[in-house]
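Visitor: Chain by chain, the residues:
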Amino acid sequence: AQKITQTQPGMFVQEKEAVTLDCTYDTSDQSYGLFWYKQPSSGEMIFLIYQGSYDEQNATEGRYSLNFQKARKSANLVISASQLGDSAMYFCAMREVLSGSARQLTFGSGTQLTVLP
Amino acid sequence: GAGVSQSPSNKVTEKGKDVELRCDPISGHTALYWYRQRLGQGLEFLIYFQGNSAPDKSGLPSDRFSAERTGESVSTLTIQRTQQEDSAVYLCASSEGQYSNQPQHFGDGTRLSIL
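Line by line, the protein sequences give chains A and B.
One point on numbering: in the working numbering, the residue at position 107 of the first sequence is 104, and numbering is uninterrupted.
Numbers given in the working numbering equal positions in the second sequence, counted from 1, plus 109.
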C-alpha cells in the first residue's frame, strides 16, 4: 500500500487565490512527522512546512498552512494568495519514528501546481 | 556555503562505467541521506548515515550501489557498472538529527545520464 498518496497530478489556480493540495498517508506508528516540499523547475527541494503527529494545532508558515486531520490521516497543504512563483511541483512526505530505523522521508508522487496570471 | 553541496551537478557517462557522486552536508548535521528521483517521479530513499553508526542501506537497489561517509562530513555515492536505468537525479539531504520533527535539507542534486 502507498504510504503517501497525492491524488492530484496537476492543479491550476488563479493568481492571488488560495489553493489546497491533497495528501493522505498510511502508518501504524503513533509518532511521525509530515512535511511538504516545493520543487521548482530548477530542481532544488525546498522545505516548506512541518506537522508533528502530536501537534494539536495546524502548522502555519507565512502563506503556507497545513490542514491536519489525524483521524482521516490527511495533511493537506493550503497556499493562500497564490503567486506566479508558487508554480512548482509539491511533494508531501512522512518521516516515521518507531518502525523505520532509517528515519528517511517517504514521498508522494507530487502535485504540479501552475499559477495563472 | 550554508547549504548542502553536491558535485558534479551533471554527469554523462557511458553504460558500464563507474561513477562517484559527492555530497557535502550542512556543518553540524549528523544525519545524511541519499535519494534517487527518476524523471517525473517522487524521491526514492537509498541510504542513511547517522553519526558514526553503521549506515542503513535498505534502500539501495542493487549491489552496484554503495556509499561511504567519514564521520559527520562528506559522503560519496558510487555506482559501479552503470546501466541506463540508473539515469536519474541523485539528491543528498542532511538534518540535525534523526528526530521526526527535524526537516531534511536538500542539495541541488546530481543529474546522471547513462548513454
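To be clear, the hints were calculated from the coordinates, so they are not data collected in a lab.
Every residue, glycine too, gets a C-beta built ideally from N, C-alpha and C.
Among the clues, some could well be false.
Stated by the list, open to error - What follows is a set of in silico ranges between Cβ atoms, one per label pair, in the way DEER data are often shown:
#1 A/Glu41 - B/Lys166: 37 to 43 Å
#2 B/Ser114 - A/Met8: 47 to 53 Å
#3 B/Ser167 - A/Lys13: 29 to 35 Å
#4 B/Ser136 - A/Glu41: 44 to 50 Å
#5 B/Gly125 - A/Glu41: 28 to 34 Å
#6 B/Asp172 - A/Gly40: 27 to 33 Å
#7 A/Gln11 - B/Thr122: 42 to 48 Å
#8 B/Gly125 - A/Lys0: 48 to 54 Å
#9 B/Gln193 - A/Glu41: 38 to 44 Å
#10 B/Ser114 - A/Gly59: 42 to 48 Å
#11 A/Asp26 - B/Ser171: 26 to 32 Å
Visitor: Hints first: check each against the structure and report whether it holds.
Guide: Each hint tested on the structure:
Checked against the hint of 37 to 43 Å, the pair A/Glu41 and B/Lys166 fails, with Cβ atoms roughly 26 Å apart. Between B/Ser114 and A/Met8, the C-beta spacing of about 32 Å breaks the proposed range 47 to 53 Å. Between B/Ser167 and A/Lys13 the beta carbons are some 45 Å apart, a value that contradicts the proposed interval 29 to 35 Å. A hinted range of 44 to 50 Å for the beta carbons of B/Ser136 and A/Glu41 is inconsistent with their spacing of about 19 Å.
Against the hinted window of 28 to 34 Å, the Cβ-Cβ separation of B/Gly125 and A/Glu41 comes to about 31 Å, which satisfies the hint. Between B/Asp172 and A/Gly40 the beta carbons are some 28 Å apart, a value that agrees with the proposed interval 27 to 33 Å. For A/Gln11 and B/Thr122, the hinted distance range of 42 to 48 Å is satisfied, since their beta carbons lie about 44 Å from each other. In this structure the supplied range 48 to 54 Å is violated for B/Gly125 paired with A/Lys0, their Cβ-Cβ distance being about 35 Å.
Evaluation of the 38 to 44 Å hint for B/Gln193 and A/Glu41 yields a failure: the beta carbon distance comes to about 25 Å. In this structure, B/Ser114 and A/Gly59 break the distance hint of 42 to 48 Å, their C-beta atoms being roughly 26 Å apart. A/Asp26 and B/Ser171 have their C-beta atoms about 29 Å apart, which keeps the hinted 26 to 32 Å range intact.
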